[in-house]
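Asker: Below, each chain spelled out in residue letters.
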Amino acid sequence: MTLNALVPLLVTLPLLGAAVALIAGRHRRTQVVVSIVTLTLVCIIAAVLLVAVDSSDLPLAVSVGGWPIPFGIVLYVDRLAALLVVVSSIVLLAVLLFSVGQGAADGDDDTPVSIFHPSYLILAAGIFNAFIAGDLFNLYVGFEILLVASYVLITLGGTESRIRTGVVYIVVSLVSSILFLSAIAAIYGALGTVNMAQLSQRMSELPQETQMVLHILLLLAFSIKAAVFPLSFWLPDSYPTAPAPVTAVFAGLLTKVGVYAMIRTETQIFRDNDVNTLLLIVALATMIVGVLGAVAQAELKRILSFTLVSHIGYMVFGLAIATPAAIGATIYYTVHHIVVQTTLFLAVGLVERRAGSTSILKVRGLMRAAPLLAVLYFIPAINLGGLPPFSGFIGKFALFDAAASVGTPLMMVLIVGGIITSLLTLYSLMRAWNLSFWREDEDDHGESETEARISYLGGAPAAATETRRRVIPRIMTAATAGMVAVTIALTVFAGPLYDVCARIGASLMDPVTLVQLEEGTES
Amino acid sequence: MDVSLTLIVIMAVLFAAGVYAMLERSLTRVLIGFLLLGNAANLFLLIVMGEPGTAPFFGGEGGTGDERMSDPLPQALTLTAIVITFAVSAFLLALIYRSWQLGQADTVEDDAEDRAVRERSAVDEDSMDDEVTEDDEEATTDFVGVETAPITVLHAKDVPGLRDDAPTDRPDAGGER
Chain Y
1395 MTLNALVPLL
1405 VTLPLLGAAV
1415 ALIAGRHRRT
1425 QVVVSIVTLT
1435 LVCIIAAVLL
1445 VAVDSSDLPL
1455 AVSVGGWPIP
1465 FGIVLYVDRL
1475 AALLVVVSSI
1485 VLLAVLLFSV
1495 GQGAADGDDD
1505 TPVSIFHPSY
1515 LILAAGIFNA
1525 FIAGDLFNLY
1535 VGFEILLVAS
1545 YVLITLGGTE
1555 SRIRTGVVYI
1565 VVSLVSSILF
1575 LSAIAAIYGA
1585 LGTVNMAQLS
1595 QRMSELPQET
1605 QMVLHILLLL
1615 AFSIKAAVFP
1625 LSFWLPDSYP
1635 TAPAPVTAVF
1645 AGLLTKVGVY
1655 AMIRTETQIF
1665 RDNDVNTLLL
1675 IVALATMIVG
1685 VLGAVAQAEL
1695 KRILSFTLVS
1705 HIGYMVFGLA
1715 IATPAAIGAT
1725 IYYTVHHIVV
1735 QTTLFLAVGL
1745 VERRAGSTSI
1755 LKVRGLMRAA
1765 PLLAVLYFIP
1775 AINLGGLPPF
1785 SGFIGKFALF
1795 DAAASVGTPL
1805 MMVLIVGGII
1815 TSLLTLYSLM
1825 RAWNLSFWRE
1835 DEDDHGESET
1845 EARISYLGGA
1855 PAAATETRRR
1865 VIPRIMTAAT
1875 AGMVAVTIAL
1885 TVFAGPLYDV
1895 CARIGASLMD
1905 PVTLVQLEEG
1915 TES
Chain Z
89 MDVSLTLIVI
99 MAVLFAAGVY
109 AMLERSLTRV
119 LIGFLLLGNA
129 ANLFLLIVMG
139 EPGTAPFFGG
149 EGGTGDERMS
159 DPLPQALTLT
169 AIVITFAVSA
179 FLLALIYRSW
189 QLGQADTVED
199 DAEDRAVRER
209 SAVDEDSMDD
219 EVTEDDEEAT
229 TDFVGVETAP
239 ITVLHAKDVP
249 GLRDDAPTDR
259 PDAGGER
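Going down the list, the protein sequences come from chains Y and Z.
If you read the first sequence in the numbering used here, its first letter stands for residue 1395, the second for the next number, and so on.
If you read the second sequence in the numbering used here, its first letter stands for residue 89, the second for the next number, and so on.
Quick caveat, the hints were computed from the structure, so don't treat them as lab data.
The C-beta atom is built at its ideal place from N, Cα and C for all residues, glycine as well.
Some clues are possibly wrong.
[What the hints assert, rightly or not] Chain Y is nowhere near these chain Z residues, computed Cβ spacing over 10 Å in every case:
1) D90
2) S92
3) V97
4) I98
5) A104
6) V136
7) E139
8) P140
9) A143
10) S158
[Unchecked claim] FRET-style restraints, in silico, Cβ to Cβ:
11) Z:L181 / Y:V1807: 43 to 53 Å
12) Z:A100 / Y:V1427: 50 to 60 Å
13) Y:Q1595 / Z:A104: 28 to 38 Å
14) Y:V1427 / Z:F179: 20 to 30 Å
15) Y:E1603 / Z:A104: 15 to 25 Å
16) Z:G138 / Y:I1438: 44 to 54 Å
17) Z:G138 / Y:A1399: 34 to 44 Å
With the rest of the complex left out, here is chain Y (with noise of 0.2 Å):
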């Protein structure tokens, strides 16, 4: 009992928290303990939420408002929805403390911290509720709460180059909004409810054209959301004029919420509907797509958005092959890249803080001048690239080794795929490496030369916003520090942690039904 009492609190503890925050806007050090505080306590609930879901098969679920169950809405924590808001409230926090730290050192010239911190708080509370609805239409509230906040976010300041390419952002945003929307009511219509765990009971009632409208309607939409490859065409427009913790938590975390949904719609609503093998060719395009993109760039963020974009195929390619050892596989994945991606954006940030510009053809000899900001490039980048011994290499293998027990053409051609897009990451990712931090002054100008060619020229469309360089402050390289080790510990524990995203793959297999939300409410 006193367990599903805490559920609710993951989405009401943020929004209180924000208004809190706002409340204190004139006062940055209390909205700044009211931020951390919040999101800790998120994380600590959300932990033991996790624990006690994987000891037992039931769902925590609470009906808010005290309806009966299909008719209210209800809020339900299984295993992959506890796991996710772990992991999100990990990063969540770790990007605040990073941005505490460039607010402390910049004041409040760079970034309006009054609403940076309720409208972060508020990004929180939507994507813990997007993790945690039982039911589209709240899936679709947490989306707009996210999203809302996020529109804030990006366009934060006001500066000429956010509200241009915030704009794309937003607009794209509204119309897969807009698409969610029609697909509910097109859902509701066809079945007359919006929860989950009814829908798939009634779901397979349907005929299957009818079945497939809707179902390609709501993928659609999640995959705007999550920039998959046709669709994914505004993310490297939009994330990296953003300031440099913003990119990181969007990069991190609000593409997942999108993989989320489709993994919801994939495992629970649509289960007898089958466009996997549509899903496994998207996830190919996604994939070569975006990493050509990658390699085409010269500017750290941008590189950083394409191999995003590149990497949420190897996602969808999981969830496509729809066995329980892949879905497994998706979700460690998933885990694994929300923190690498974070990781890498925050590092790039104190790149583009020590150098002065994040364009890989004027930074160089970062190796020499910040030993450490190498090293916390580094680590996170040979992950993501999948070298052997990271969690990105066992989550990759994973993914391979699911498709190759299935074994059809299709599959083969898209491990290939995957390999290849593995090696091409790891290209874009140690090129940036080679000229940023492994290139000396060739001339040995001496320290000031190199430190003249270091900073900021201004001129090249790559050099993005006015830089200087500026001192990182060390609560910003503790904050990216704690992040690489949180990507070090998701390889060191990776045995329990595939573990339980194996049981999640199981339980995925069997969808929630409402006996067991009512059972849940009980617990």
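Here the structure of chain Y is known, so what remains is to put chain Z in place on it, guided by the hints.
Answerer: The following block gives chain Z in isolation, referenced to the frame of chain Y:
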């Protein structure tokens, strides 16, 4: 489920007009398109409600018949969706105003990087090489020896009037150049 054909036609027209308006570059038209689309989606929710009946909570204990009652859920969904659309429109208006204030026309602009990528399309792929030693002061890019090098690296001395006074975390270097 019987539904009014008129409503369906109106919804279709709203969807079509909304999509058309959203395809424009002008942000004001995008906003109008979004409003039309939002209303179309809300209308869709109302249409799937089915035949309109009495108010959902009409009657109470007398039980004036569940048969004649409207389905309350789509109404709740529509109300929520309207509120969300309203909030987002307000934000969009603020965004349009800010965009105008910054001296831009209220249009969706091309991405600068996309333009740069487009302009390098003439580049010969073979000349891409990372390991090339660069001519020291000139444009140091991946695309050595190509006229249309996409990124020209300017140095401080190329920009008259630019003084690099960025603070540095190394007390012995930079700062006072």
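Asker: What are the numbers of the hints the structure violates, in ascending order?
Answerer: 6
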